[in-house]
Amino acid sequence: MTATRDDHGRFPFETIIGLEVHVQLKTVSKLFCRCSTKFGAAPNTQICPVCLGLPGALPVINQQAIELSIRAGLALNCRIPEFTKWDRKQYFYPDLPKGYQISQYDLPICAEGYLDLPETDTGEAAKRIGLFRAHLEEDAGKSMHDETGGLTQSRIDLNRCGTPLLEIVTKPDLRSAEEARRFLLELKLLLTHLEISDCEMQEGSLRVDANVNLHISAGNQKVVTPIVEIKNMNSFRAVERAIGFESLRQYDEWEETGATIQTVSKRTFGWNDVREQTFVQREKEESADYRYFPDPDLIPVALPAERVDAIRAALGELPSQTRTRFETQYQLKPYDADVIVNQGPTLVRYFEAVAKVAGDAKRTSAWIQQDVMRTLKEQQCELNDFPIAAPTLGQLLRKVTEGSLDNARARDVFQYLLRHGGTLDEATKALGIEAVDQSELDLLCDRLLAENAKVIDDVRGGKQQALGALIGQAKRINPNVNPGQLRQRLLEKINAV
Amino acid sequence: MAFSEQEIRQLARLARLELTAEEVRMVGPQLERILEFVQQLAELNTDQVEPMTTALDIQNCWAADQVADGLQRSAALANAPQADGEHFLVPPVLPGGNG
Numbered sequence: 001m002t003a004t005r006d007d008h009g010r011f012p013f014e015t016i017i018g019l020e021v022h023v024q025l026k027t028v029s030k031l032f033c034r035c036s037t038k039f040g041a042a043p044n045t046q047i048c049p050v051c052l053g054l055p056g057a058l059p060v061i062n063q064q065a066i067e068l069s070i071r072a073g074l075a076l077n078c079r080i081p082e083f084t085k086w087d088r089k090q091y092f093y094p095d096l097p098k099g100y101q102i103s104q105y106d107l108p109i110c111a112e113g114y115l116d117l118p119e120t121d122t123g124e125a126a127k128r129i130g131l132f133r134a135h136l137e138e139d140a141g142k143s144m145h146d147e148t149g150g151l152t153q154s155r156i157d158l159n160r161c162g163t164p165l166l167e168i169v170t171k172p173d174l175r176s177a178e179e180a181r182r183f184l185l186e187l188k189l190l191l192t193h194l195e196i197s198d199c200e201m202q203e204g205s206l207r208v209d210a211n212v213n214l215h216i217s218a219g220n221q222k223v224v225t226p227i228v229e230i231k232n233m234n235s236f237r238a239v240e241r242a243i244g245f246e247s248l249r250q251y252d253e254w255e256e257t258g259a260t261i262q263t264v265s266k267r268t269f270g271w272n273d274v275r276e277q278t279f280v281q282r283e284k285e286e287s288a289d290y291r292y293f294p295d296p297d298l299i300p301v302a303l304p305a306e307r308v309d310a311i312r313a314a315l316g317e318l319p320s321q322t323r324t325r326f327e328t329q330y331q332l333k334p335y336d337a338d339v340i341v342n343q344g345p346t347l348v349r350y351f352e353a354v355a356k357v358a359g360d361a362k363r364t365s366a367w368i369q370q371d372v373m374r375t376l377k378e379q380q381c382e383l384n385d386f387p388i389a390a391p392t393l394g395q396l397l398r399k400v401t402e403g404s405l406d407n408a409r410a411r412d413v414f415q416y417l418l419r420h421g422g423t424l425d426e427a428t429k430a431l432g433i434e435a436v437d438q439s440e441l442d443l444l445c446d447r448l449l450a451e452n453a454k455v456i457d458d459v460r461g462g463k464q465q466a467l468g469a470l471i472g473q474a475k476r477i478n479p480n481v482n483p484g485q486l487r488q489r490l491l492e493k494i495n496a497v
Numbered sequence: 001m002a003f004s005e006q007e008i009r010q011l012a013r014l015a016r017l018e019l020t021a022e023e024v025r026m027v028g029p030q031l032e033r034i035l036e037f038v039q040q041l042a043e044l045n046t047d048q049v050e051p052m053t054t055a056l057d058i059q060n061c062w063a064a065d066q067v068a069d070g071l072q073r074s075a076a077l078a079n080a081p082q083a084d085g086e087h088f089l090v091p092p093v094l095p096g097g098n099g
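Chains as they are written, first to last, in the working numbering: chain A, 1 to 497; chain B, 1 to 99.
What the hints contain is simulated information worked out from the structure, not anything from laboratory work.
Nothing here was measured: the structure is a model prediction, and the numbers come from that model.
For each residue, glycine too, the CB sits at the ideal point set by N, CA and C.
One should not assume that every hint holds.
EDC-like mimics (lysine to aspartate or glutamate), calculated; alpha carbons at most 16 Å apart, straight line [to be verified]:
id : chain 1 : residue 1 : chain 2 : residue 2
1  : A       : 266       : A       : 309
2  : A       : 85        : B       : 50
3  : A       : 85        : B       : 57
4  : A       : 38        : B       : 69
5  : A       : 142       : B       : 86
A few chain B residues facing chain A, derived, Cβ under 8 Å [what the hints assert, rightly or not]:
id : residue
6  : 14
7  : 18
8  : 53
9  : 54
10 : 56
11 : 59
12 : 63
13 : 64
14 : 66
15 : 73
16 : 77
17 : 82
18 : 90
Isolated chain B, as found in the complex (with noise of 0.2 Å):
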């Protein structure tokens, strides 16, 4: 399948990738060999069976509602590119959000 300049900079800015012109034309052959590659799975004839959530033959691990230690503040601040002492500083964000 062939990926159009355009879908290949609708996939560069889902990521944040900033690409360049050159960069987006080196992209797009590499994108479809992996998709040819992952498509030689859609040989076999699937029919029956149940898609798999998951690769590992196990179900219900879980934890105890517990509450344990974690990070220091500090510690947690410590390889941010930017922090007050309290928060982390990002460049600034509307009110709201996402989700």
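Pulled out of the complex, with its shape left as it was, chain A reads as follows (with noise of 0.2 Å):
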């Protein structure tokens, strides 16, 4: 088959993605000493010989990072080995003091596993990532280099040097840029769901390169072009847009030099997040300099099956399988599980607390989608500072769905609840709602009735809709009125007479 140039002149081709992501981990203390890894503290003042690469300093590895790789490992579907190590890498940079980097080379803590993604309300069938790995080694310093101002030097900071990174390592199975937000998303809901890490990319807990390169139909021909490392993304929207960009500008330079993979090895570039570009940062890629060896400092580490399988038993349920749940517990669209889902943990215990005393899940997905989350979004305010608890915003759903409050009076109490907290009977006595009995909606149909004789010919010729000035005339005379239980009990004195 010969494949043609489209609308565009381009040939068809195929985005090919890889990505590497660094996630810290979260522990108090960093991975082979007890300085704090807490983000923000002034320059320096979270450093120690350990971490200084002092002469004579040993590492002592952190074991809540080797539980929370393992964790992380199990939820990613991986293979846990026995046994893993830790091997030196060395390269020189002013923000990695002992000239080498402690990680893992050809034993890592967890083997090959692969991450599902869900399928999406815009169509996107679900699609299983493939990893090739996950393994633990120590973040470096940072430095800092002010351009403008006209420094002669950088400036280091060694605060994060020594911190837990667990560096996870996609196949090249991801196909579009939109693909590895997908990605990206579903390992960070993962991943903060677990308390493994905080994934923020904005603060460097989170951090991703992506492998990109093409095949191209150009004609009878396949065509592959060099692989190309993007760094120094800094938001998922930055790494969608950055392999957007870098996928066409591949195509344009294989049209205009005819670089291939055989032609021109992997390159490193960034991305400029205001121009949005990508940029050449280095030519050659030199990963065998790199002169892995184990280090000598360590002890290897044994893990045994039955503290694997302990930690996998206190996995708990993960979110792909609390999606699942919602569905077939709640009966819950598959759009809806996963946009409560998506929320984290903590917005799906507050679902399943609102539901439970609601009765009602779908009402309850209906409510916490527009109007909790909305407000939640418009206050800038977490769940844990919400001020309706679930029973309290359970008890008013419940009342929607007996009939007993309309659903605009509802709003009303919601409304009332959000400024002042408190309980759904303060709230309801505030606004003055009572529960209108049975004698006081016969008493109001019968007044109502009585003063527009020309509605009940309206109805009975067939027009209903005439109903809807005397619900109107109700609400001015009784606010508490249900308009549904108002509108029936009309119909039925009409058609009795």
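With the hints as a guide, bring both chains together as one complex.
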């Protein structure tokens, strides 16, 4: 088959993407010393002889970092080998005082695994993304260079040096910038759910490098473009845009220069967020020069199956399992289950607590998505600070389901609770909401029908919409009246005459 | 085994060593002698032996995840060739870095 050019003059091509994701583990102390990992401390106040690489200092592994790595590996369907060790990766850079990084080379803590992406509401199918491995390593420090200030030196802050990172390496299974973003969102959801990492790109607790190239079908020929690794992306949005830009840049480069994977070796590009462009950082990869060897200062780790099994047993329900359960247990649509689960474990717990009291999961889902989530967004507050407790919202929604409160009145109550907090009883009392009993409803109907003889004729003549005017009047007389109940009672009375 | 001059220069570059032409000629034979010495180990048949990763007969030494005091900043910066009271100062580096 001969591939021909499209409307833009391009041959068909596929973008091949693999990601390397570094996540900072949520330990309070560093990977090989007991310095604090707290973000935002004054420069060089969380350092010691071990992370400074002073002579004679010896590293000791942080047990919690091992625990969190295994937890991540199990959640990512990785095999956890019984034996793992530490290797030195040699390179010189001012933010790495030892002259080598302690990492893992041939025996990583997590072996091959995968992450399943759920289908999306825009119709993208579910997809399994393979993982080569995930290994533990220490972070480097931070170097700062103020180019505008005309400084002739760079400043080095080593607080971050030695912080535990888990590097998760995907197979080249991703096929679009959007798919890369979906992968990152699902990964973040999983790792934050399991309290393995905060995954905040802005704070650097999640960092992404993307390896990108193209498979072009040019006429009868299959062309593979040179691999480019993109660095310096500081948000999920930036990752998506950088990959999108890079794939078109590679296509144009191939058209202009004919560069292929055979003629040009792997290069490193940066991402300029302001200009929305990728740019060359390093022409040639020198991965063979890291000269890995086992770190003689550290002792290997043996992980008995019982220990791994215990961590597996404590994992609890993962987000993908929660989605499936919401669909079966509560009959939520996949889209609705997805929206709630994607907000994280706090909202999942809130939803379940509200739904239990309300006895109506679909109504709960609708209110949480529309009213609760919108309020959280508008007020930029966390669910933990949300003024309406789950049982209170549950009681409110139960009243709506039972018909003793209509949606509009329920929203008034919701707004009152937002501003004042308190119980449902206090809110309804303050708003003057009382249940309208049957005799009150009858009296009201009789009065309305007596005053509006024409409406009775209209309804009998088949114009049921004429009732709308009566409902409006009724609301003015008694705001507590439930429009649905009123309408039903009016019809009964008109038809009974 | 013999080293080419280019290989010696590459090794020196990786170790950030500046060697004169004289030193390159001198270091080559020295490295060869060291490797020849270690090469004696190759006489042994290790086909059935699992590679060893440590000389110590212990495993699983770790510490609990608890913060302990490190160095005072002034002490940490005391021996730096250059510092500004808060940071180590080094010749300018490009943003981004390695690793």
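Q. Under the criterion of a CB-CB separation shorter than 8 Å, is residue 77 of chain B in contact with chain A as hinted?
A. With Cβ-Cβ at 7 Å, under 8 Å, it holds.
Q | Straight-line alpha-carbon gap residue 142 of chain A to residue 86 of chain B, limit 16 Å | A | holds, 13 Å
Q) Is it true that the CA of residue 38 of chain A sits at most 16 Å from the CA of residue 69 of chain B? A) holds, 13 Å
Q | Interface hint for residue 90 of chain B, Cβ within 8 Å of any Cβ on chain A | A | holds, 4 Å
Q: May I ask you to test the interface hint for residue 63 of chain B with respect to chain A, counting a Cβ-Cβ separation under 8 Å as satisfied?
A: holds, 5 Å
Q: Identify whether the interface hint at residue 66 of chain B stands, where standing means a beta carbon of chain A within less than 8 Å of its own.
A: Holds: closest Cβ of chain A sits about 6 Å from residue 66 of chain B, inside 8 Å.
Q: Hold the hint about residue 53 of chain B up to the distance rule: shortest CB distance to chain A must be less than 8 Å.
A: Because about 5 Å separates residue 53 of chain B from the closest Cβ in chain A, which is inside the 8 Å limit, the hint holds.
Q) Within a Cα-Cα threshold of 16 Å, do residue 85 of chain A and residue 50 of chain B meet the stated pairing? A) Holds, at about 14 Å.
Q. Does residue 54 of chain B meet its interface restraint, that is, does its C-beta lie within less than 8 Å of any C-beta in chain A?
A. Hint on residue 54 of chain B: holds, closest Cβ of chain A at ~6 Å, below 8 Å.
Q: Answer holds if the nearest beta-carbon of chain A is closer than 8 Å to that of residue 18 of chain B; otherwise answer violated.
A: violated, 13 Å
Q.
For the restraint on residue 14 of chain B, tell me whether the closest CB of chain A is nearer than 8 Å.
A. holds, 6 Å
Q: So, residue 73 of chain B near chain A? Judge it on the closest CB pair being under 8 Å.
A: holds, 5 Å
Of the numbered hints stated above, those contradicted by the structure are hints 1, 7, listed in ascending order.
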